[in-house]
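A.B. asks: Here is how the chains run, residue by residue.
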Amino acid sequence: MTPALRLTGVTKRFGTLVANDAISLSVAAGEVVALLGENGAGKTTLMNILFGHYTADGGTIEVGGQALPPGQPRAALAAGVGMVHQHFTLAENLSVLDNLMLGTRGLWRLRSGRAAARARIEALARDFGLAVDPMARVADLSVGERQRVEILKALYRDARVLILDEPTAVLTPQEAEALFSTLRKAVAKGLAVIFISHKLHEVMAIAHRVVVLRHGRAVGEVAIGGTSPAQLAAMMVGAEVAAPAIAPAREGGVALRLAGVSTAGFRPDLRGVDLDLVAGRITGLAGVSGNGQGALASLIGGLTSPVAGRIEIGGAPVQGWSPRRAVGQGIARIPEDRHHTGTIGDFSLTENAVLETLRDPRFSRAGWIDWAAARTHTSRLIAAYDIRCPGPDARIRLLSGGNMQKLILGRVLEEAPKVILANQPVRGLDIGAVTFVQERLLEARARGAAVLLISEDLEEVTALSDVIHVMSEGRLSPGFARGTIGTADLGLWMAGQGFDHAA
Amino acid sequence: MSDLWGILISVSLWVAMVRIASPLIFATLGELLCERAGVLNLGIEGIMVAGAFSGWYAAYAGFGLWPAVAVAFATGMAFGALHSVLTVLFGLSQHVVGIGITLFATASSYYAYRLALPEVTSPPKIEAFATWPVPGLSQIPVLGPAFFDQTPLTYLAYGVAIVLSLVLARTPLGLAIRAVGENPASVEAQGLSVAGLRMGAVIAGSGLMAVGGSFLTLSAFNSFFFEMVNGRGWICIALVVFGAWKPGKAVAGAFLFAAFDAAQIRLQQTGLGAAVPYQVFLMLPYLLSILALIVMSRRAAVPAALMVPFRKGER
Amino acid sequence: MRLEPIAAPTPARRMLPPVLALVATAALGALLALAAGAEPLAVLGLIVKGAVGSKFALLETLNRATPLIFTGLAVAVAFRARLWNIGAEAQLYAGALVTVLLGTGALPWPSAVLIPVIALAAMVAGALMLLGPAVLKLRFGVDEVVTTLLLNFVMLLVVSMLLEGALKDPMGMGWPKSAALAKEARLPRIVTGLRLHWGFALAILAAVAVWIIDRKTVAGFEMRAVGAGEAAARFAGIGVPGVVIRTAALSGGLAALAGFSEVAGLKGNLTLDLSPGYGYTGIVVAMLAALNPLGVVLAALFVAAIFVGADSMSRAAEVPTYIADMLLAFALLAMVLALMLTRYRVRRA
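Protein chains in written order, with numbering that gives the first Met the number 0: chain Z, 0 to 502; chain V, 0 to 314; chain W, 0 to 348.
Mixed in with the good hints there might be a few duds.
The calculated EDC-like cross-link candidates involving lysine to aspartate or glutamate, where the alpha carbons are at most 20 Å apart (straight line), are [unchecked claim]:
| no. | chain 1 | residue 1 | chain 2 | residue 2 |
| --- | --- | --- | --- | --- |
| 1 | W | 215 | Z | 459 |
| 2 | Z | 417 | Z | 429 |
| 3 | W | 215 | Z | 144 |
| 4 | Z | 188 | Z | 220 |
| 5 | W | 215 | Z | 359 |
| 6 | Z | 184 | Z | 121 |
| 7 | V | 245 | Z | 459 |
| 8 | Z | 184 | Z | 220 |
| 9 | W | 182 | W | 317 |
| 10 | Z | 198 | Z | 165 |
| 11 | Z | 198 | Z | 459 |
| 12 | W | 215 | Z | 392 |
Treat the hints as calculated values from the structure; they're not laboratory data.
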């Protein structure tokens, strides 16, 4: 039988980097194939080629036996390829119906045929268990609902091949289970599904077959019945993964305390959150992103002041809370978005290294900058943190994500901080950089710093944290000491259960 | 006070209002189309100059009035094409490119004018559009003469307003334009061309701006002067904001603005006008525009992707 | 098509696009000359001769460059911090107004005191002129492009009103112009007998000062940081609203110095045609200089040479002087594109 989708020898280079190296893979109707690989292994590039966002440098793509012309999303859509991107591609100010209908009728037609479209969408939603109100504005929907809209978009266009890029990153375990049930209905109706993930247990749960990518190459293909998570992990990283060794915590006093703090202006806001960050302890914050982590990080980082409650550092309430004050009080801040908030791309490494501390007497006197001191400092960071770069004067935009993150780490850790706010510190990094960052955080813990680790990767949080809290809709769960809570229970808290009893 | 009242009840005020509003309607709708697709077009001022000149010159050269309007439209589209190549394809700063287009279009028009008419001191006149009362409708008291005893170009402005609001609200094309201004990634994911939609909107919108400029030389006046656009383009940008990016509201804003303008011209003739320097009255339109921007700033109707260049494959 | 950042641009990559932009501009100039029925090379020769061909021409070019250096710096400083100041024209007139207000006998002081006081007062006026739009941007999110543009028209009307009213020269025979500046308020000539005033030296000084602020001071660093990455600057603890206000003050002040130097150095009084669009041309100057303060001096000299040369050329040949405006606007667009192409490669998707 002709496979629903067949990729043969797909190759894509960016400059000298080979993102995809002669990758071949096929999916049959009624089958779920997982594409497993580390961040940066080439999964997303491959899917962007398949969907026509990029043009491959070599190789062919066939859908249902027909070759797909390169570089044309329209052709991919017409051939029945539907894609659910990791970052949703919805226009927030438009209705669900508008988003679904966009581009499905000839642009020059006079009528849009909304009534018929709406009826069809409602039928599809019923068949696949994707409840969503077609007339709702997308901006008013939850993340889970938006994902359903994305899937409906593909189904509405009669997709035969459905590609999901890291679909569970934004879901609670329970929402993920609902997604899996939708996918099972889809394959039962004869769709072919490609499921992109780096989470082993999900791959084991949903896929029939797994293709493992590493450094842009397809390094293995196994049926799910004949493999194990350990084997997959080994294939993925090319060696046995050594979990970081964690010494027992030597805890001190409370370094930073949030007492009943609430915020305003976020979605969602914090609601009466109490949190102690204890010296020598890593406090992990689990939860689906978008549940108040942003508000909490802004608050501790000095970008927001509480509208109720107070922040105490070393037992004393803070006054005039600002980023500069936070830095001055010994808070090291590793921001979630290292490209956008962590660094200035067109500035040199030196300029980025002193961004927070330029007014310090080490680097400036009476408003005059001592660039020589700043460069010396940066050169020291480059050596100490193994930052691969052309030198302290190079624009930071040219660095890889891992090296950029190392500069940010060096920038804040060299100031011997009392509190470390690490917001998604390893997202998007390759395995070597991940280990580097995690080891630095553990070192800081051993030195007596209080670390707050915010991550949406449950495995990371459980591995590193001495105490875990869960955030859901701006509320904070009680803390659970290492080893006292399982994934299933964490999932329930992430979905918002438990808070009512606790309150 | 009685002066003011006398002005408000005079039919000529309302006739003037519609005449003053007409070029603004064309240009405001043109700018609105660009901005709904996510592109701020600061070339508007210069494109209006180019439309005023090219339309006038076509009529002066004997092409006839309607072909002259078409020439203006085509001229605007040409500058729109240049704008959109730079801002959409190359993703350059919409501020800098827009100002550059304004300078370039203005200078081109002046250069071409001087080339065409090296010797004249007073600008030659053409036979401009005459008023054409719409049978029946123009008989309605006050409203009739104001809205339906105008030149055909004004009726064209009404038509453009109606068509543009219907297209934006009701058709697949309009949906695509709105979506590309909100989130270009949504458009690309549905197989439509972000660049195509944005360039199309900028080119068509620029054509409308130029027709607005040509109204000045083909309908409001009958010759081309330097400086005749005089900031009208910038006012149209304020009107788009004032109209919360909705065609109907923007047109209403143009009428409101024009009513003030018509009234201030008449106020200058009164006792009050004699007491206050005329420059104060001339300032009002600009100050009013700034005020409108401040008042409307709280409304979050701005297209989410306005001024955000889109680069394929980047998120 | 797709734009791919270039990691380490080669010297060729850095030089070629800007050179091509200038070549394209020259090519357009040749076409325009042909359209006017003139010989392109002859026109070019006349422009060069008119700009630098004699001592008089050269001094005229330096004089014309003076206000352009100021407005170019004003634009460069603002644009670097992503404050889109298109209102240098209004700020220039604000400076000119203050110069006339204080310089026509109101302050009976000697030059050594009077001139610095007037210059500072002019800078304050220009700064205030831009603070309005800056505050509206910060407080209400009103786009400063539109407000500064609209204020240009308002300011011209204010000047016109004053020249026909309070500031009108009683000896002016009905012309709308101000009284002449007192001798003590006039900027002297750099060399006696040559028509070049100290405003030019002040402009060079301003460029060097801006360059030092840019590179050596915390304030300049913060302005650049806000322009290059506002979110990161805010995160790092840089007070963005304060930086925007400081930038606006500096930018408006620099533009006002153009008005001060034109009135006190060149014209000696204020008329409505003091500036033939120096505020707008400042944008061209700043972009040709890639927003570099020292580059602004070179760009201003280049732009001034084109204007002066074109004026002189149009008297000799049948080519309208607007050729200069057209070529410079084209050069602006071409240079913006060229500068981008020094750092990005165009590739198919």
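A.B. asks: Which constraints among the numbered hints does this structure fail? Numbers only, ascending.
C.D. replies: 1, 2, 3, 4, 7, 8 and 9
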